[in-house]
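Each protein sequence line maps, in turn, to chains R, G, C and D. Numbered according to my numbering, the first sequence spans residues 150 to 249. Numbered according to my numbering, the second sequence spans residues 326 to 543. Numbered according to my numbering, the third sequence spans residues 29 to 535. Numbered according to my numbering, the fourth sequence spans residues 7 to 479.
Everything labelled a hint here was simulated from the structure, so no lab data went into it. Any given hint could turn out to be false.
[Unchecked claim] Footprint (simulated), chain D over chain C, 3 or more residues, beta carbon under 8 Å:
no.	stretch
1	89-100
2	177-188
3	204-210
[To be verified] Incomplete in silico selection of chain D near chain R, CB under 7 Å:
no.	residue
4	132
5	139
6	155
7	158
8	159
9	161
10	165
11	173
12	176
13	183
14	198
Where is the CB? At the ideal position from N, CA and C, for every residue including glycine.
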Amino acid sequence: MSAGLLFASVGVILFALGAAGVLLIGHLLRRILAFNVMGSGAFLVLVGLAQRNGIADPVPQAMVLTGIVVAVAATALALALVRRLYALTGKIELPQDDEG
Amino acid sequence: MKRLLVVLGAACFVVLLIGAMLDLAPAGIALHAAVSANLPSSGVEHPVTAVLLNFRGYDTLLEIAVLLLALIVILAVGIDSTTDVRPAASPVLQALARLAAPLMIVVAVYLLWAGAFRPGGAFQAGAVLAAAAVLLHLAELLPGWQSPGARLRLGLAGGFLIFLAVGAGLLFQGALLEYPPEQAGWMILLIESGLTVSLGLILAGLFLLLSRDDGDRS
Amino acid sequence: MSFNELLPLAVLASSLLPGLLIFTLPESWVGLRTALNLSGALVKLALVMLLIVGVQAGESYGVQFAVLPGLDLAFKADALGLLFIALSAVLWLFTTLYAIGYLEGAPRRSRFFGFFSLCVTATMGIAMAANLFTFFVFYELLTLATFPLVVHRGTVAAMRGGMTYLVYTLIGGAVLLTGIIWLHHLLGHTDFAHAGIAAALGPAYDGQLQIIFLLLMIGVGVKAAIVPLHGWLPQAMVAPAPVSALLHAVAVVKAGAFGIVRIVYEVYGIEFAQSLDLLLPLAIFASVTIVWGSFRALFQDDLKKRLAFSTVSQVSYIVLGVALFGPVGTVGGLVHLVHQGIMKITLFFCAGNYAETLGIHKVSEMNGAGRRMPLTSIAFTIGALGMMGAPLTAGAVSKAWLTDGATAAGMDWAIWVLWTSSLLNAAYFLPILWRTWFKPVPKAWPAEHVAARGWRETAWLLLLPPMITAAMTLAAGMFSNNQMSPLSWAKLIAEREYLHETIIRTP
Amino acid sequence: MMVWLILLPLLWASFAFLLGRGRGVWLAMAGLLAQLWLAYTLAEEVVASGVAMHAVGGWGAPLGIDLVADGLSAAMLLLTQCIALPLAVYARAYFKRDDPAGTYFWPLVGFLLAGLNALFLSADLFNIYVTLELLGLAAVGLVAAGGGAQQITAALRYLFATLVGSGAYLLGVALIYGAYGTVSITTLTPLITAEAPDLVWIAGGLMMAGLMLKTALFPFHFWLPPAHGGAPAPVSALLSAVVVKASFYLILRLWIGPFSSLTVAASLVVWLPALLGTLAIFWGSYQAIRAERLKMLIAYSTVAQLGYLFLIFPLLASAGALQAGIMQAFAHGLAKAAMFMAAGALIKATGQDMVAGLAGVAERMPVTLFAFGLAGITLMGLPPSAGFLAKWQLIELALSQQHWIIAFVVLVGGLLAAVYVFRVLRQAFLLAPASSVMTPVPRMLEWTAFVMAAASILLGLRGVELMQLVGVT
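Model the full assembly from the supplied sequences, consistent with the hints where possible.
Below, the structure is given as structure tokens:
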């Protein structure tokens, strides 16, 4: 399998890991990390799969750059919320009740 | 139980997807060809920069909006002064920071300029600037931020506004962000310079706003 | 937009606009509110007169707007519609007068009269609807406009009554909607037309049409209070007297009955309905309702409840008349649409007077009421006699045409139904009359609000309406052959429906 | 011209930010007014001269990014601006001076609207991803802004839901690009055939699932009630009325666009959204009927009402289904906005947000209750209202395609809606206990809500033009 496909496959694995993490992990900081793992997985698939035939393609690279910046923004926002929650409740986990 | 299901599901997903990837025919469309074909009229020599700021510049415009938005949200949510105990910066770190900061700025400028023809550009440059700010902050040479004043706000939004202005201006003689090939070069440079400053400030802001503590309250 | 297009809209507007204006009025502006109410009612009456004259002269009034591609909000003022319009317009005027007197000084009157006007607007819309879609729009609007009136008192009991009313009407509405959309899907339109539109589909669809008929009948049957869908009507008695009058005589039950008329005559067409064997089941349900309603009325001590069950029974006279295949029965049903309205509203006005003046709510409290309130009691007596079908009253006319209709249609058993019901009517009305006139006056009334001033046993705004409607009951009975009488109008409609030259009742 | 629908909100949002905390109301108002005009003229243009197109950067797909406005997008744009302007007027009266939730309210709203408009116009899968993030983060920010622990918790749930959703969507886009080498919808549509490789099926599944999570379709609805119920009334209105519709719009757009040949190939697939929609209607209504707090009731009603939108998928064979869907989207958008606005006014006046505490408002706040009632009529699908027209179209389509079950669901759903709407009205018509005190609220709050509700009714008297617009493809 070509290097690109290898990257892509690793990306898939990372995505699955990250997704599972977001679903299962209660601790919010670790959940945010999991989300980042998930995102990176998607980015890897994007660049890897597109360049599986070995030819460099700047379009997915540019897309990934864009994606990374967006992910940074999302992460910062999430951290701000977590920090706020910590300030208000002293917890870094979400309560279980749903009715809100 | 839930744990098990999720893990199993994820595993099946991985197997399925990788399997599907392996027997995938090559794509019909080769955009990289189109990119290199249009590179000369894009105003920059580096293909990725060309895609980022010309071919798909619109993505970038919205992406900057997202970044600025995140910062505004952080301001709107209101970070309250939870004093996070940080060991006082060692004089060594401070000396290092004093030394490194100017160099980093130089590097940033270089990256910005280099972006036109090799890996680099506003994002990298901005990131380095932000890193410098963070370093100074960790060395306690730069205070964390309160809600920013008018000038700082201008700095934060300036790059985005320049980008918007150029794009909108071009709208009057064609499509959104449709650079005339001969002017494309300087227009993109203008945008990138603006972005470098704003991105630096925003990225730094994301850190400095989150990590301000009582000590910095003024 | 031509005059003939504008007129139907004007009839709607004449109650809609006052209603909307009244909502915005502050509570204290009694004068302006009353002025708006009455002027609206009078203007409407004038417009209806115009329509009647026009329609007799063969003019046709109608207008339509596209709501969706292939779906129109369409109005027409034809003979059948006008029968209902005229009834509502006249009775609305008197009910308004009565309500003004009844609610004098009561709270939340702007809201009350606002919804009151919306109610009548909805009724007008139902009467003038030119297709089932439009009919349904106003039919549901009526439900929504009456709910706040039923719960007007804002007590928990009122809420219970209102909720029962909603449960019945909303579910009925959903069923009705199903039938209408189904029909619209089959036909591509649902426009009312003489001799019906359903026959066009051809025999292949007979099965579906029978199911649709069932759905439609359930839908309108709820408001027409056909057993077993009548449960809401006695519950809704918690409403103030003018509202009960409106519900029973003018708006709600009439809307249901009128819907049945429209559907049988102008959607299916009487011949086609007969050929689908739809009329006999309808007649049976009507008969059951007639008897059951009168029977239940016997055991109600609460005066308004007794009147409510009597309504259940009386409205099905109309349905029965429709279900009797043949012009004579038709005339009987149609004319009773009007007569029942006049008589029943009289009774409710009087019941309201007893309650407002002397605090009488139960039959058992009515001893000697006739001495204290002679005029009211005379009106009540006339209404009651009418309900029994006593000679010289409107009721007699209806009953005569209905019985002959039954014979003409070869459904002699229906005659027995009518007679049983008359007997039962007598059985639950005569005791009341006996108490009112011949039992001694008690020492004290349950709660005397208004002292008698000379001949004015109570506020004249409460006294006048029942006297007028009682007079109308007699007039409709005695001058039934007059040119403008409900009977002649009903004949006119029946002629147009059956395309016969004239209809002679064989005595 | 359509470009300005994206640039304007970005511009006034940034300038509002430059002006500083709690500033920029009039900037926003002016911008929104202009946007409304733009959306209207765009709709007219689309009806007059067909689909409008704008190649950003002048490159054109697949190298560049195309903006496309067909009937569907134009309609959604119109709906968004129609709701945004009255909401802004409402919000101005709603947020008191230095209300913590009001400090960067206008910039956030600006970015939110920019995200929405950009999303409705974009014809490029990856660009749509960016707009989704812009939209999602702005929405989360609005929920969290100045909020207490409860709001922050809701915002975090919302944030993770939308991030996972867009993550799945992004992976799907990555796979599509890998398979075809382009992300332009117009280029892809002919390329994706029924014989597409499994990878494309997985990609489609990922994107749909991600978007359903963002639309809060049952069983992905868990995040919506706390977020919409907890946020300030103007925010709740905006989120419930338009934001959730955006991801629904995308599902629809992809379903009938690039993935159409897939959905046709797998005829059973069309029943999945309908099934989930049905469950959403029943579960949402049930929760709304039980809800103690007024805003939770309304939020759960949103869960239920979104269900109707997904009932159209098995009916898409006939053109009318799209129109029915859009009619429902309009009906719910206008009515739900009005309802949240009315609820906001009621809560401000009574100082609490329990349904049980509403006794007497019919007497004290008739205008607001009228607004609530009219909105309720639309949600119940009673005539005359846009909701009724949507219901009528849905049932007729269902009957014409012999899908009785859908007709049945729609009818029962309407009755369930009646139960929770009248639960509130019943309470409101009760006489007020002598003890109850009501603080007067700004007239503006009551009347904007009323106008919005009236619009949802009036649309029910004239839907022809809208249907004509949606018909343009």
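Do the hints match the structure? See the list:
Requiring three or more residues with a Cβ within less than 8 Å of a Cβ of chain D, the coverage given for the stretch 89-100 of chain C holds, as 6 such residues are present. For the stretch 177-188 of chain C, the proposed coverage by chain D is satisfied: 5 residues have a C-beta within less than 8 Å of a C-beta in that chain, meeting the threshold of three. Judged by the Cβ-Cβ criterion of 8 Å, the stretch 204-210 of chain C is covered by chain D as claimed, because 4 of its residues qualify and three suffice. A least Cβ separation of about 5 Å between residue 132 of chain D and chain R falls short of the 7 Å threshold, and the interface hint therefore holds.
Interface restraint check: residue 139 of chain D against chain R, minimum CB-CB distance 5 Å, threshold 7 Å, status holds. Among the interface hints, the one on residue 155 of chain D holds; its C-beta lies about 4 Å from the nearest C-beta in chain R, closer than the 7 Å criterion. Contact between residue 158 of chain D and chain R, as hinted, is supported at the beta carbon level, the nearest pair being about 5 Å apart and thus within 7 Å. Interface hint at residue 159 of chain D: satisfied, since its Cβ lies 6 Å from the closest Cβ of chain R, which is below the 7 Å cut-off.
Hint status for residue 161 of chain D: holds, given a least beta-carbon distance of 6 Å to chain R, under 7 Å. Interface restraint check for residue 165 of chain D: the shortest CB-CB distance to chain R comes to about 6 Å, inside 7 Å, so the restraint holds. With a cut of 7 Å, the hint placing residue 173 of chain D at the interface with chain R holds, because the nearest CB-to-CB distance is about 5 Å. With a cut of 7 Å, the hint placing residue 176 of chain D at the interface with chain R holds, because the nearest CB-to-CB distance is about 5 Å.
Taken as an interface hint, residue 183 of chain D checks out: its beta carbon lies about 6 Å from the nearest beta carbon of chain R, inside 7 Å. Contact between residue 198 of chain D and chain R, as hinted, is not supported at the beta carbon level, the nearest pair being about 16 Å apart and thus beyond 7 Å.
In terms of the numbered hints stated before, the structure departs from hint 14 and from no other.
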